[in-house]
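> For reference, the chains in residue letters:
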Amino acid sequence: MHELSIADQIVSMVELEAKEAHAVKVSSVTIDVSVLMEVEEDNLQFCLNTLKKEYSLTAETIFIYREVPVEFECLSCGEKVIISDLTAPVCQECGSSSLDIRGGDSIYIAEMEVEIDESRSTEKCDAGE
Amino acid sequence: MKVEVQKNVMQANNELAAVLRDKWEKSGTTVLNIISSPGSGKTTLLERTLERLQGKVKAGILVGDIQTENDAMRLSKYGFPVKQIITSGTCHLEAHMIEKHLPDVDADGLDLLIIENVGNLVCPSSYDLGEDLKVVALSVTEGEDKPLKYPGIFRRAKAAVITKVDLLPFLDFDMTAVREYVHTINPDIHLVELSSKNGEGMDAWVNWLLQKVDEKKKVNLSR
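Quick mapping for you: the protein sequence lines, in order, are chains A and B.
Numbering follows the numbering used here, with no gaps: position 98 of the first sequence is 98.
Plus 1000 on top of the position in the second sequence (first one is 1) and you've got the numbering used here.
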């Protein structure tokens, strides 16, 4: 049940990011979850949907869950290796299974869709759509 | 409006873990984070380990559990400072818990800090505590396919300890298969097979540990 700790972290980070962007509401948040995290999607969604009500901007947020593979470096040939199935990790180039994790081993808040308070956001919005 | 965030949710924990790792780099302290399911024999393994470490290294132990001081009471009989971290429900240790309780066992610099995580083969594996080595323990009563079922921890661990091998004559546990599964997930892992009960394999385990402590001290002295 590390989903609860993770959800708590996600919701508080989203609230902070949204405030910095002068958002008045967060419509959706895309979360990239590494297969290495062994997170159960339904469990995480349940925790997120419970905790989001504790914050002002996320009360109605929809969380979009995306599973992401792990990035390894092959210690034999140096190739970058992307793997989703951790039960048989091998380098697609040389077949070596001697791999070191280089990324995609955590949970990431990828992006979010927000509604902005136009009166308060000036320069911030220029980078938007 | 779309806002790019691209932030690691584990960032706060990872940043604190990096601070701890830096501190232990400077003090030349080797840090072990032992992870396994409940009942695999982590605490007994540590008891027999601490017996063998007496007079050889300055060690300290932090032990995590959801409830009770039982493990700290068992581990405090060997002359090393021990602190129980009671998580009251949290299924894993986080870096801030280590930071908070570290002063209780690390008054003037340690050679070796052993962290016994909460018994759980999933959640603790994602929380960096600033350790040098994650060590996964698996007992022969649990079934040889555990590495395939819990690849995360076997992938992240630097060593795997198969415990309770004295029970092998009474079980159908397939030792050849577990070796193969462990190495399928992580071919570079250091594999140890031992029995805390009859002492088989204990010397090899403790010597490996002392070697790791030595290596880190040497790196530290040469700087």
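Mixed in with the good hints, there may be bad ones.
Some chain B residues close to chain A (C-beta under 10 Å, calculated; not the full set) [stated by the list, open to error]:
hint, residue
1, G1143
2, P1147
3, I1153
Hints in this document: simulated from the structure, not taken from any laboratory.
Built from N, CA and C at the ideal position, the CB exists for glycine as well.
> All hints are to be evaluated individually against the structure, with a verdict given for each.
Verification of the supplied hints:
Using the Cβ-Cβ criterion of 10 Å, the hint placing G1143(B) at the interface with chain A is not satisfied: the shortest such distance is roughly 15 Å. Because the smallest distance between the Cβ of P1147(B) and any Cβ of chain A comes to about 9 Å, under 10 Å, the interface hint for this residue holds. Interface hint at I1153(B): satisfied, since its Cβ lies 8 Å from the closest Cβ of chain A, which is below the 10 Å cut-off.
Violated hint for the displayed structure: number 1, the only one.
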